[in-house]
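Engineer: Mapping to the working numbering: the sequence shown position 222 is 222, numbers consecutive.
Any given hint could be a false lead.
As a list, the in silico BS3-like pairs of lysine-lysine whose alpha-carbon atoms are at most 25 angstroms apart [to be verified]: (1) 115 / 144; (2) 135 / 150; (3) 80 / 144; (4) 150 / 27; (5) 144 / 27; (6) 27 / 115.
What follows is a set of in silico ranges between Cβ atoms, one per label pair, in the way DEER data are often shown [said to hold, decoys possible]: (7) 92 / 229: 26 to 36 angstroms; (8) 105 / 34: 41 to 51 angstroms; (9) 64 / 263: 19 to 29 angstroms; (10) 141 / 196: 33 to 43 angstroms; (11) 80 / 247: 41 to 51 angstroms; (12) 82 / 226: 56 to 66 angstroms; (13) 263 / 55: 29 to 39 angstroms; (14) 141 / 34: 32 to 42 angstroms; (15) 171 / 105: 13 to 23 angstroms; (16) 63 / 192: 41 to 51 angstroms; (17) 221 / 147: 23 to 33 angstroms; (18) 48 / 251: 27 to 37 angstroms; (19) 192 / 82: 55 to 65 angstroms; (20) 251 / 181: 20 to 30 angstroms.
Since the hints were made in silico from the structure, they are not lab data. Fair warning: this is a prediction, and the values are worked out from it, not measured in the lab. Using N, Cα and C, we set each Cβ at its ideal position, and we do this for glycine too.
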Amino acid sequence: MPGKRLSRNSMATRKIKNNRIARLFVKTALTGESITLNTNQTHYLRQVLRLRSGDPLLLFNGMGDERHARVETLARSGCKIRITDISQPLPESPLRLSLLQSIAKADAMDLIIQKSAELGVSSVFPILSSFSVVKIDEGRVARKIAHWEKIAQSACEQSGRHCPPIIHAPINFRDILGNIPSTATCIVLRPGSSKTLQSFSQNFPHISDLYMLIGPEGGFSPSELEDAKKADFHFIDLGTRILRTETAALAACTLAQYLWGDLSV
Numbered sequence: 001m002p003g004k005r006l007s008r009n010s011m012a013t014r015k016i017k018n019n020r021i022a023r024l025f026v027k028t029a030l031t032g033e034s035i036t037l038n039t040n041q042t043h044y045l046r047q048v049l050r051l052r053s054g055d056p057l058l059l060f061n062g063m064g065d066e067r068h069a070r071v072e073t074l075a076r077s078g079c080k081i082r083i084t085d086i087s088q089p090l091p092e093s094p095l096r097l098s099l100l101q102s103i104a105k106a107d108a109m110d111l112i113i114q115k116s117a118e119l120g121v122s123s124v125f126p127i128l129s130s131f132s133v134v135k136i137d138e139g140r141v142a143r144k145i146a147h148w149e150k151i152a153q154s155a156c157e158q159s160g161r162h163c164p165p166i167i168h169a170p171i172n173f174r175d176i177l178g179n180i181p182s183t184a185t186c187i188v189l190r191p192g193s194s195k196t197l198q199s200f201s202q203n204f205p206h207i208s209d210l211y212m213l214i215g216p217e218g219g220f221s222p223s224e225l226e227d228a229k230k231a232d233f234h235f236i237d238l239g240t241r242i243l244r245t246e247t248a249a250l251a252a253c254t255l256a257q258y259l260w261g262d263l264s265v
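Start from the sequences, fold in the hints, and give me the full structure.
Structural biologist: Set out below in structure tokens:
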């Protein structure tokens, strides 16, 4: 009698499970012999990762700790994880990259958060600028930050990174300019500028702390660009094509990590 045929999703899950150990972000110290997961995390282990009792996994907490572990007990109400050994996490990029991103529409902003976490961005500052099309009500800020943090944590689970980027509360354009360390290097993407990242890197070959400002679909207002110039931002052009804000952000992050961080070709 032929065996039960697996669905494509089941086969994909089985393939991932057989070739690499699942990783799980937990907001707790990893100093004891075991931890107990809540119902949401247990559901994720059971229904998404398809783990069972005895299966191995890696735990990380965003504080530099990563541990080999094994599912000890698994029930609908909770899951007990046994910590078995210390794991050496992947090193973070030598470039501390802060993304100052004008808030984009929901799907685009989610994509920016996800991919910036994969690309090694250290922190994300959602920016409210003059031409921003998205406004966030005060009552929704905490929920929105939690949503973005979850996306960043999941991206780190997938990519092998152990330190999710810090997601800051939305901040007005002019307020962020006064909160950047004087030792940091600052750039703003501005189509038509005379400098590219490549030419800029020739004058600044060693950068360890970079703040990168990305505008909304409508760009920055003339007064905002003037304020950025007064705050010692360098104006950078990414090329001849007009890019969406999410495309510009991810292209710039990729190039920055290649020029000063840990991406290679």
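Engineer: State for each hint whether it applies.
Structural biologist: Cross-check of the supplied hints:
For the hint pairing residue 115 with residue 144, the CA-to-CA distance comes to about 17 angstroms; that is within 25 angstroms, so the pair holds. Using a Cα cut-off of 25 angstroms, the hinted pair residue 135 and residue 150 holds, with the two alpha carbons roughly 21 angstroms apart. With a C-alpha separation of about 30 angstroms, the suggested pairing of residue 80 with residue 144 is violated against the 25 angstroms cut-off. For the hint pairing residue 150 with residue 27, the CA-to-CA distance comes to about 11 angstroms; that is within 25 angstroms, so the pair holds.
Between residue 144 and residue 27, the direct Cα distance comes to roughly 18 angstroms. Compliance with the 25 angstroms bound is thereby established for this hinted pair. Proposed proximity of residue 27 and residue 115 is supported: the alpha carbons are some 21 angstroms apart, at most 25 angstroms. The hinted window of 26 to 36 angstroms between residue 92 and residue 229 holds, with their beta carbons roughly 31 angstroms apart. At roughly 42 angstroms, the beta carbons of residue 105 and residue 34 sit within the given window of 41 to 51 angstroms.
The beta-carbon spacing between residue 64 and residue 263, approximately 22 angstroms, falls within the hinted interval of 19 to 29 angstroms. Take residue 141 and residue 196: their Cβ atoms lie about 36 angstroms apart, and the range 33 to 43 angstroms holds. Residue 80 and residue 247 have their C-beta atoms about 44 angstroms apart, which keeps the hinted 41 to 51 angstroms range intact. At about 59 angstroms, the beta-carbon gap between residue 82 and residue 226 stays in the expected band of 56 to 66 angstroms.
Distance hint check: the CB atoms of residue 263 and residue 55 are about 32 angstroms apart, consistent with the given range 29 to 39 angstroms. Range check, residue 141 to residue 34: about 35 angstroms between beta-carbon atoms, so the 32 to 42 angstroms window is met. For residue 171 and residue 105, the hinted distance range of 13 to 23 angstroms is satisfied, since their beta carbons lie about 19 angstroms from each other. Distance hint check: the CB atoms of residue 63 and residue 192 are about 43 angstroms apart, consistent with the given range 41 to 51 angstroms.
Separated by about 28 angstroms at the C-beta atoms, residue 221 and residue 147 satisfy the suggested range of 23 to 33 angstroms. Evaluation of the 27 to 37 angstroms hint for residue 48 and residue 251 yields a pass: the beta carbon distance comes to about 30 angstroms. Residue 192 and residue 82 have their C-beta atoms about 58 angstroms apart, which keeps the hinted 55 to 65 angstroms range intact. Taking the beta carbon of each, residue 251 and residue 181 are about 25 angstroms apart, inside 20 to 30 angstroms as hinted.
In terms of the numbered hints stated before, the structure departs from hint 3 and from no other.
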